[in-house]
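So the sequence lines, in the order shown, correspond to chains P and Z.
Quick note: the first sequence uses my numbering, first residue 1, plus one each step.
Quick note: the second sequence uses my numbering, first residue 1, plus one each step.
Derived from the structure by calculation, the hints contain no laboratory data.
Among the clues, some could well be false.
What the hints assert, rightly or not - Here are the computed lysine to aspartate or glutamate pairs in the DMTMM-like style, where the Cα-Cα straight-line distance is at most 25 Å:
1) Z:LYS183 to Z:ASP172
2) Z:LYS175 to Z:ASP195
3) P:LYS92 to Z:GLU126
4) P:LYS92 to Z:GLU77
5) P:LYS92 to Z:ASP111
6) Z:LYS175 to Z:GLU117
7) Z:LYS175 to Z:GLU126
8) Z:LYS175 to Z:ASP228
9) P:LYS92 to Z:GLU88
10) P:LYS92 to Z:ASP94
11) P:LYS39 to P:ASP212
12) Z:LYS183 to Z:ASP94
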Amino acid sequence: MSPSIAVATAERVVRQLRRDRRTLALVLVVPPALLALFKYVFEAQPATFERIGAPLVGLFPFILMFLVTSIAMLRERTGGTLERLMSLPLAKLDLLLGYGLAFAVVAALQATITSAVGFGLLDLDTEGAIWAVVAIAVANAVLGMALGLLLSAFATSEFQAVQFMPAVVFPQILLCGLLVPREAMPSVLEGISWFLPLTYAYDALARVTEGDHGGRLWLDVAIVLGSIVLALALGATTLRRRTP
Amino acid sequence: MSAVPGAVAVGIRDLHVVRGGRPILPGISLSVRRGTVTGLLGPSGSGKTTLMRSIVGVQVVAGGEVTVLGLPAGHPELRRRVAYVTQEPSVYADLTVHENLRYFARVMGTDARRIEEVLETVGLEEHADQIVETLSGGERSRASLAAALLGRPELLVLDEPTVGLDPILRRDLWKRFHDLAAKDTTLLVSTHVMDEAARCDDLVLLREGRIVATGTPQELLDRTAADDLEAVFITLAESA
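The following block holds chain P by itself, in its conformation from the complex (with noise of 0.2 Å):
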């Protein structure tokens, strides 16, 4: 393992975001706009943007980085240069790393554009401090992207690359317990929803959300960091020296 190749990696693919202005602008534009179109979306019930703002400030940096890595590293896949990188002497910790540190600082970017929006011009409160709402979003950000890259090795094409989000992310988003309490759905489904790690991460953004700052919090995020160490794990066991 080396720390300069995984700094290297993260600075060339954040200059291949940067290169690409439109994905960029899309990743920084959409979260805050979509924010705003929640908030109008429910002026007749202000109490429910009040409940969900602040946590989906934290949210969108998951769904995003799931699907910027899923195809980031489908093309490292098709295009070759995931094999050329397997062939040299670069650890797989190293790319992974890489990886995670550039979709960390774009996440984080993401994520103070839309606070900044959400907590100065839409009027979002949060008893908790804003940073902390931030910092959770990177940890999500992270999450998705090691859950990306794990998928990634599942998907041939594009095209499947992109259908993983609707499977992969949209159910849990509804089982997090954004939408409806997890305790008021079905028990299978509450039960199921104990193994899906958006679960902790959307727990821990409202608890901030609320200002509980109490022990279910650290354990919260404590667990969606083992959950990030696990899809990292399971990724790296995806990425080949020797292939078929």
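Once you have looked at the hints, place chain Z on chain P.
Leaving out everything else, chain Z in the frame of chain P:
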């Protein structure tokens, strides 16, 4: 590291490779002399790429032994000593040539000054700041080749490196290949162009996963009493 006459860079014994349930290499043996340009000649589908991938150590093999520079193929130490250029240029299309080379140089821990040297070797100095996507097919291949040269590999495996290049550039590149071989680099180059075969020190004729013949171009011409290598290939393939 001086050239040992007759030293072997690549030794292959009874290599079996199966892809998609089909035997691609049904057991071949071969050795490549160090410091030579060895041409791998055969029609498309003859197993050239699979053989090269096995030597580089990126191919899952079903059996046999591949020894590269004294180590088993795919050994971690070989990642610094062997470079492989695939048929499809494996560089980042959304970065410039220079950005690609800078990244690969950092991954390999190569001095950044080396970038200018390899750009000159492949004749891409004027395109260094161009985004790869906007390059022609031949220029992209050369960008990929440049990346492989960065680490001064002892064994350079090139899969059809001159496809789509104009004759002058092709001649220049082949001259570079021989310059490298003169400095004790071993080159294994696949091609299906017969006039390129004539420029190799050694030739390996491959057909349907089997070695039809090996030898220097002159030896093969003498053996078959043919006028050119095209005729040599046909004679040997039909008698095999």
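Against the structure, the hints:
| no. | hint | verdict |
| --- | --- | --- |
| 1 | Z:LYS183 to Z:ASP172 | holds (17 Å) |
| 2 | Z:LYS175 to Z:ASP195 | holds (14 Å) |
| 3 | P:LYS92 to Z:GLU126 | violated (34 Å) |
| 4 | P:LYS92 to Z:GLU77 | holds (16 Å) |
| 5 | P:LYS92 to Z:ASP111 | holds (22 Å) |
| 6 | Z:LYS175 to Z:GLU117 | holds (16 Å) |
| 7 | Z:LYS175 to Z:GLU126 | holds (20 Å) |
| 8 | Z:LYS175 to Z:ASP228 | holds (21 Å) |
| 9 | P:LYS92 to Z:GLU88 | holds (23 Å) |
| 10 | P:LYS92 to Z:ASP94 | holds (22 Å) |
| 11 | P:LYS39 to P:ASP212 | holds (24 Å) |
| 12 | Z:LYS183 to Z:ASP94 | violated (34 Å) |
When the structure is compared with the earlier hints, violations turn up for hints 3, 12 and for no others.
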